[in-house]
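K.L.:
Given chain A's structure and the hints, the job is docking chain B onto it.
Okay, here's what each chain looks like letter by letter:
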Amino acid sequence: MTIEQVQSEIQSAIPGAKVEIILNPSPSAQHSLLLDHEHVLAVATYLRDVSELRLDYCSNVTGIDWLPREKSEKVKVKNLVEGVEQEVEEVHKTVVPGYLEVVYHLFSVEKKHGPVILRLRTEDRAAKVHLPSLTPIWRAAEFQEREIFDLYGVIFDGHPDLRRILMWEGFVDHPMRRDYVEPDDYEYEPTPHDHVLQRSREESGRH
Amino acid sequence: MSSMTETTSAANDERSRKLTAGISEGQLLEVSMGPHHPSTHGVFRMDVVLDGERVVKLKPVVGYLHRNHEKIGENNSYLASMPYTDRLDYLCSLTNNWAYALAVETLAGIDVPERAQYLRVITAELTRLQNHSSVIGFLVQDMGASGTPLMYAFREREKILDLFESLTGSRMMCNYMRFGGCRIDLPAGWLDRAKKVVAGFPQFLDEYENLLGTNEILMARTQGIGALSRELAINAGVTGPLLRASGVNYDIRKVDKYGIYDRFDFKVPLGDNGDVYDRYMIRILEMRESIKILDQAMCDIPPGPIMDPKAKIRGFRPKAGEAYGRIEAPKGELGFYLISDGSGNPYRYRVRPPSFVNLTVLEDMCIGNYIADTIAILGSIDIVLGEVDR
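Order-wise, the sequence lines are chains A and B.
With my numbering applied, the first sequence covers 1 to 207.
With my numbering applied, the second sequence covers 1 to 390.
Treat the hints loosely; a few may be bogus.
Label-pair distances were calculated between CB atoms; the ranges are [said to hold, decoys possible]:
| hint | chain 1 | residue 1 | chain 2 | residue 2 | range |
| --- | --- | --- | --- | --- | --- |
| 1 | A | H113 | B | G247 | 16 to 22 Å |
| 2 | B | D111 | A | W168 | 42 to 48 Å |
| 3 | B | D341 | A | F171 | 26 to 32 Å |
| 4 | B | D265 | A | Q7 | 38 to 44 Å |
| 5 | B | E158 | A | E182 | 36 to 42 Å |
In the DSSO-like style, the derived pairs of lysine-lysine whose C-alpha atoms are separated by at most 30 Å in a straight line are [said to hold, decoys possible]:
| hint | chain 1 | residue 1 | chain 2 | residue 2 |
| --- | --- | --- | --- | --- |
| 6 | A | K111 | B | K257 |
| 7 | A | K128 | B | K71 |
| 8 | B | K59 | B | K159 |
| 9 | B | K59 | B | K71 |
| 10 | B | K257 | A | K112 |
| 11 | B | K71 | B | K319 |
| 12 | B | K319 | A | K71 |
| 13 | A | K111 | A | K93 |
| 14 | B | K195 | A | K111 |
| 15 | B | K292 | B | K195 |
| 16 | B | K257 | B | K319 |
| 17 | B | K267 | B | K254 |
| 18 | B | K257 | B | K195 |
| 19 | B | K292 | B | K267 |
| 20 | B | K71 | A | K111 |
| 21 | B | K196 | A | K112 |
| 22 | A | K112 | B | K267 |
| 23 | A | K93 | A | K74 |
| 24 | B | K196 | B | K310 |
| 25 | A | K112 | B | K254 |
| 26 | A | K111 | A | K18 |
| 27 | B | K257 | B | K292 |
| 28 | A | K128 | A | K18 |
| 29 | A | K71 | A | K128 |
| 30 | A | K18 | B | K319 |
| 31 | B | K312 | B | K71 |
| 32 | B | K319 | A | K74 |
| 33 | A | K93 | A | K71 |
| 34 | B | K310 | B | K257 |
| 35 | B | K267 | B | K257 |
| 36 | A | K93 | B | K319 |
| 37 | B | K196 | B | K254 |
| 38 | A | K71 | A | K112 |
| 39 | B | K254 | B | K292 |
| 40 | B | K292 | A | K71 |
Please keep in mind that the hints were generated in silico from the structure rather than gathered at the bench.
No residue lacks a Cβ here, since even glycine has one placed at the ideal position from N, Cα and C.
Looking at chain A on its own, in the form it has when it is part of the complex (with noise of 0.2 Å):
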């Protein structure tokens, strides 16, 4: 099934759905899908039991930090200049805000094919930062779900068990992010003897 395909029997079972094909110009032409927030549980509960895809195995869950890139395009503008009428071009900046990115693969089992790519995107690196889950789906999106939630930063909502996995518990950044920077110190840890070493480093500064 080519991935038009996929697109038209998806819109085809949920109305309203906006899917959208992501070409991929390289060789392995590995296209995917770009879901809404709205349908994409009722999207992947078709696709894994409905349709005759029956995707029944998520395999991979994959988070991706896009910065914020500038975007120049060149446009020709007719000006005035010194009273003639010319044609000047001009580079128009835009940006393109950045986002956060969650790929699933999809294969079948039972039917043996695959990859379906699906993708979904948060609005925003820092605030809207919310994605549904869909661990409720398929379970393998567990543990892999709460990775991107660590080290990126992304909310799941309706995720079973959202806690970091890989980092430790009280640990604030996420260190996937394009611009996360290293502390100086990983180590440091708040101790309650913090107050005693502060104190003795004012008396040995003062001494």
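P.N.:
Frame of chain A, contents of chain B only:
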């Protein structure tokens, strides 16, 4: 099938009901097993809640070996990540190499010459032999068969590691494959030595089965323990021997036919009950199939180049795009997902580790069993923390 949607929440409710049914909070015992417990095969911790000796709740805690492998992969060139993949599942560096090479080859459209394909199959199946033999050794060691079975398994593993050493220069960190082929050709006499090792392997398996296959203690400790249902196994993304022990016929060597696996005649062994005993037996049967593949591959291997002449190793810059490549590693589906933005290092480098995903069902398999059985169940999953934590 529609009821599967509620599986997770229902299972969670079921778990919490078991947790609180008829017992007051004070009677439960919380045990933190690990991270330095020898049976955890590394630094792995299980937060276990016990009612008497029965497990009512178990949460795996991982991350002790986390070094952000994926971030390092993003900062390295494509080639520089190759030796680093050895350190993921440090028992099976050659299959890790292959999975990564396959993903890059899919991304850039690189062909692999005939002889290199055979070399990959031979080294990968030898890897499977040494991984499975050490796994069954560890499994019975964990259950108290101290010494002998593990030493038998390691004796065989050692012979294969010697072969790896003479081929790649390293016993475990082989760093053997490249995009478009393999690094070096076979040294003189290697194939004959390998044939001898493989020819002696069935004898070891017979010996092992005689020793343990019908051992009463082994059967009592493993049969009916940690059963995993077919539906849950598929839904939870479990792969490899663990999935096939539950009776699901899914072997990526057969499904994707990556490399040249369509040329070999081999079967996919399947279990009935999905318990620890089935997982143990599946591995022995898989080794027998691997020996079949090796016999065919070592007989058919043609002469020729081992690298695609068009493949560029240094200064390699694939066109923008993405690719997911996966293989049947000894532990399950090992996948690499690469996103290229046209520069010399990947924009995103993702590893899909089989044992990390297989751990998802650890709690489901352990609930209701004795705490001593969690050791056997964990051993039968076959985890390597280098890969789980990345």
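K.L.:
Enumerate the violated hints, using their earlier numbering and listing them in ascending order.
P.N.:
Violated: hints 8, 13, 14, 20, 21, 24, 38, 40.
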